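Listed below are the residues making up each chain.
Number of protein chains: 2
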Amino acid sequence: MVRRYLLLSPGPTPVPQEVLLEGAKETIHHRTPEFVNILKETLEMTKYIFQTQYPVYVLSSSGTGALETAMVNLVNPGEKAIIVNAGKFGERWVDIAKAYGIIPVEIKLPWGAAVTPEMIEKAMKENPDVKVVFTTYSETSTGTVIDLENIAKLTKGTDVILVTDAVSGLLAEPLKMDEWGIDVVVSGSQKGWMLPPGLAFIAVNDKAYAKIEKCTNSRYYFDLRKYKKSAPDNPWTTAVNLIYMLNKAVKMLKEEGIENVWARHKLYGEATRAAISALGLELFSERPGNVLTAVKSPSVPYVPSSNLTKVMRDKYGVTIAAGQEPMKDEIFRISHLGYLTPFDIITGITALEFALSELGYKVEIGKGVKAAEEILFKGLVG
Amino acid sequence: MVRRYLLLSPGPTPVPQEVLLEGAKETIHHRTPEFVNILKETLEMTKYIFQTQYPVYVLSSSGTGALETAMVNLVNPGEKAIIVNAGKFGERWVDIAKAYGIIPVEIKLPWGAAVTPEMIEKAMKENPDVKVVFTTYSETSTGTVIDLENIAKLTKGTDVILVTDAVSGLLAEPLKMDEWGIDVVVSGSQKGWMLPPGLAFIAVNDKAYAKIEKCTNSRYYFDLRKYKKSAPDNPWTTAVNLIYMLNKAVKMLKEEGIENVWARHKLYGEATRAAISALGLELFSERPGNVLTAVKSPSVPYVPSSNLTKVMRDKYGVTIAAGQEPMKDEIFRISHLGYLTPFDIITGITALEFALSELGYKVEIGKGVKAAEEILFKGLVG
Numbered sequence: 001m002v003r004r005y006l007l008l009s010p011g012p013t014p015v016p017q018e019v020l021l022e023g024a025k026e027t028i029h030h031r032t033p034e035f036v037n038i039l040k041e042t043l044e045m046t047k048y049i050f051q052t053q054y055p056v057y058v059l060s061s062s063g064t065g066a067l068e069t070a071m072v073n074l075v076n077p078g079e080k081a082i083i084v085n086a087g088k089f090g091e092r093w094v095d096i097a098k099a100y101g102i103i104p105v106e107i108k109l110p111w112g113a114a115v116t117p118e119m120i121e122k123a124m125k126e127n128p129d130v131k132v133v134f135t136t137y138s139e140t141s142t143g144t145v146i147d148l149e150n151i152a153k154l155t156k157g158t159d160v161i162l163v164t165d166a167v168s169g170l171l172a173e174p175l176k177m178d179e180w181g182i183d184v185v186v187s188g189s190q191k192g193w194m195l196p197p198g199l200a201f202i203a204v205n206d207k208a209y210a211k212i213e214k215c216t217n218s219r220y221y222f223d224l225r226k227y228k229k230s231a232p233d234n235p236w237t238t239a240v241n242l243i244y245m246l247n248k249a250v251k252m253l254k255e256e257g258i259e260n261v262w263a264r265h266k267l268y269g270e271a272t273r274a275a276i277s278a279l280g281l282e283l284f285s286e287r288p289g290n291v292l293t294a295v296k297s298p299s300v301p302y303v304p305s306s307n308l309t310k311v312m313r314d315k316y317g318v319t320i321a322a323g324q325e326p327m328k329d330e331i332f333r334i335s336h337l338g339y340l341t342p343f344d345i346i347t348g349i350t351a352l353e354f355a356l357s358e359l360g361y362k363v364e365i366g367k368g369v370k371a372a373e374e375i376l377f378k379g380l381v382g
Numbered sequence: 001m002v003r004r005y006l007l008l009s010p011g012p013t014p015v016p017q018e019v020l021l022e023g024a025k026e027t028i029h030h031r032t033p034e035f036v037n038i039l040k041e042t043l044e045m046t047k048y049i050f051q052t053q054y055p056v057y058v059l060s061s062s063g064t065g066a067l068e069t070a071m072v073n074l075v076n077p078g079e080k081a082i083i084v085n086a087g088k089f090g091e092r093w094v095d096i097a098k099a100y101g102i103i104p105v106e107i108k109l110p111w112g113a114a115v116t117p118e119m120i121e122k123a124m125k126e127n128p129d130v131k132v133v134f135t136t137y138s139e140t141s142t143g144t145v146i147d148l149e150n151i152a153k154l155t156k157g158t159d160v161i162l163v164t165d166a167v168s169g170l171l172a173e174p175l176k177m178d179e180w181g182i183d184v185v186v187s188g189s190q191k192g193w194m195l196p197p198g199l200a201f202i203a204v205n206d207k208a209y210a211k212i213e214k215c216t217n218s219r220y221y222f223d224l225r226k227y228k229k230s231a232p233d234n235p236w237t238t239a240v241n242l243i244y245m246l247n248k249a250v251k252m253l254k255e256e257g258i259e260n261v262w263a264r265h266k267l268y269g270e271a272t273r274a275a276i277s278a279l280g281l282e283l284f285s286e287r288p289g290n291v292l293t294a295v296k297s298p299s300v301p302y303v304p305s306s307n308l309t310k311v312m313r314d315k316y317g318v319t320i321a322a323g324q325e326p327m328k329d330e331i332f333r334i335s336h337l338g339y340l341t342p343f344d345i346i347t348g349i350t351a352l353e354f355a356l357s358e359l360g361y362k363v364e365i366g367k368g369v370k371a372a373e374e375i376l377f378k379g380l381v382g
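Protein chains in written order, with this note's numbering: chain A, 1 to 382; chain B, 1 to 382.
The shape of chain A in the complex, shown without the other chains (with noise of 0.2 Å):
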């Protein structure tokens, strides 16, 4: 069989062919006018992508440095931080509070929970001494998205800072920035921005960036007050290629339009959900959002999501994600995120059928595609 590589993880995420090449042009010297100018236009463009009028900054590391950035940039140790726990990427804000002697006020949730706007209401009321907010748009290993335009209008005009872990969130879901009002916003190259990893991106309003001057927490690498003194230029040696394929990839997405990449998102993940019904199987997330759909796996037989995810990559090329750690055979994971076709969504699925049935859960071969597709028809078609 003829096998073709098709990424549907929650990132990395497929690159497109002409992003790629970019990234194989000459490396030039990151101190020259000529790059300057580069990384200029492409931070401005990003802004885009945000839906915001304040500086983005971009780190070279993965997403965690941003989230690192972040809470070393906004909190000293000693002072307390409200987290949203609902996932690992939730555990990952408290674990890197704890790590610099931040007190974490968790509102601790079930993995697949979503926090709402009157939990976070609740908990700044408790709190009042607490000033920053830690949520997760989209929590990557739940397939969760919060509501977080309602969320911002706990915090907008008030002197708490509104931060969200939009890592995988951003363009997949909407997300505008200044309007909602949210205060930073981070985000990782290898997800909705049509990249490989190695870049990270946060963007900064004036009202945080009051905050983060005053803020006396140890930070080097990631200290902000650093970013903002050399923008438009980096104050470390900048990840040239990986600029050069930003540039690239920002430029398509914003041909494509920042609407019409929330609406493919959007297609793609009714599409996959529809197809999920149709097999007999259930959404593991309450609220499930358009980044991924995370699954149940099969009880009945229990098919172990690291069995589907493992038959799924070897025989048939696609590589979708088990579920983490306490949840790794419990549930299963499609992306939606990055250059997708709808033709991808259809060999997911169709990928999905012949490895359920392969591991023995009952699958009528066709009906989870048939679904899919007609939901990508009438979104597409007419």
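Calculated directly from the structure, the hints in this document are not laboratory data. Model, not experiment: these values are computed from the prediction. In this text, a Cβ means the ideal position worked out from N, Cα and C, and glycines have one as well. One or more of the hints may lead you astray.
Using C-beta positions, here's what the derived DEER-type ranges look like [what the hints assert, rightly or not]:
#1 D159/A / K328/B: 38 to 46 Å
#2 D159/A / Q53/B: 53 to 61 Å
#3 Y48/A / Q53/B: 48 to 56 Å
#4 G257/A / E149/B: 58 to 66 Å
#5 E325/A / K25/B: 24 to 32 Å
Following the hints, put chain B in place on chain A, whose structure we already have.
Using the frame of chain A, we list chain B on its own:
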């Protein structure tokens, strides 16, 4: 005039086309056995570059991120560290220490000076409570390379940890981590590695790791305990495409042979120094290495190096570096780092002769080139 880009800057350096094209390969998932095997093979091979049997960890960051990693994993706030500071990158060690509340016991020397083993011995004797010494193998801001082999004899077999910033020094100067007894070696991809910026490296021996495990300093993204725990995999999403490139570049370097890589840089350094001397110019460093050659700007007439680098770059396509900070216009720096042919050295000297002449410094055209060519001929042909 046809203008071809030539990077003679001490990072970024030229990247071979076959390495660039590796980076244009499809991004695959970082947690698959396929990718983890690539990462494992790559990290195993990098040990050869460090001449070590101990683990090498790869970070998605600039070299500065790896410097911070060394500092925050080895020294607690309130503790002292001996730091050699004889240039911009020695100063960076000091800045990182201060950012984390570590007390620098500085061996502060003028830019261009080289610390001696005796100076370090004295500092160690005067500060028996200090258990970590931070050095800069090649000080990129001054072109100085220190006598690391003899410095290592002072700490070998003691409870003092020797750390060296070999961001630019590795591959360009002989470095035998295990044989010499260096405990921690840091490097960065855009130097001798023949790679674009975006990756950094840290090699850690068991003696250093024992201290790292006990260190209570705050760190998360750069926490080496997490890297050790997940090795050969990376705790965070690895920069997949840069790892493809690293794999290819290290294979090329292994094929060339590390002694030959060192010899190549030495030959280019000698050729460049001969050219500089033939042009009546003076070296800046009291102990010049083969990473780069730092040259005092001409004084009669005075040619500020930023004018020189601008003409060389904008008119001839040859990027060398001016000085940094206090030495901005006082020195210029020609790199010998990375993927350079002997003819690139000749090109650099030719462009230097053209530009110096144009800026009013009296040059006998061809004199520098002849001096360089004689050295190259002797080294390569006989």
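**Request:** Indicate whether the distance between the beta carbons of E325/A and K25/B respects the range 24 to 32 Å.
**Result:** At roughly 30 Å between Cβ atoms, K25/B and E325/A fall inside 24 to 32 Å, so the hint holds.
**Item:** D159/A versus Q53/B beta-carbon gap, inside 53 to 61 Å or not
**Value:** Holds, since D159/A and Q53/B (Cβ atoms, about 54 Å apart) stay within the stated range.
**Asked** So does D159/A sit 38 to 46 Å from K328/B, Cβ to Cβ?
**Response** 42 Å, holds
**Request:** Indicate whether the distance between the beta carbons of G257/A and E149/B respects the range 58 to 66 Å.
**Result:** The hint (58 to 66 Å, Cβ to Cβ) holds, given that G257/A and E149/B are roughly 60 Å apart.
**Request:** Confirm or reject the claim that Y48/A and Q53/B have a C-beta distance inside 48 to 56 Å.
**Result:** 50 Å, holds
Of the numbered hints listed earlier, not one is contradicted by the structure.
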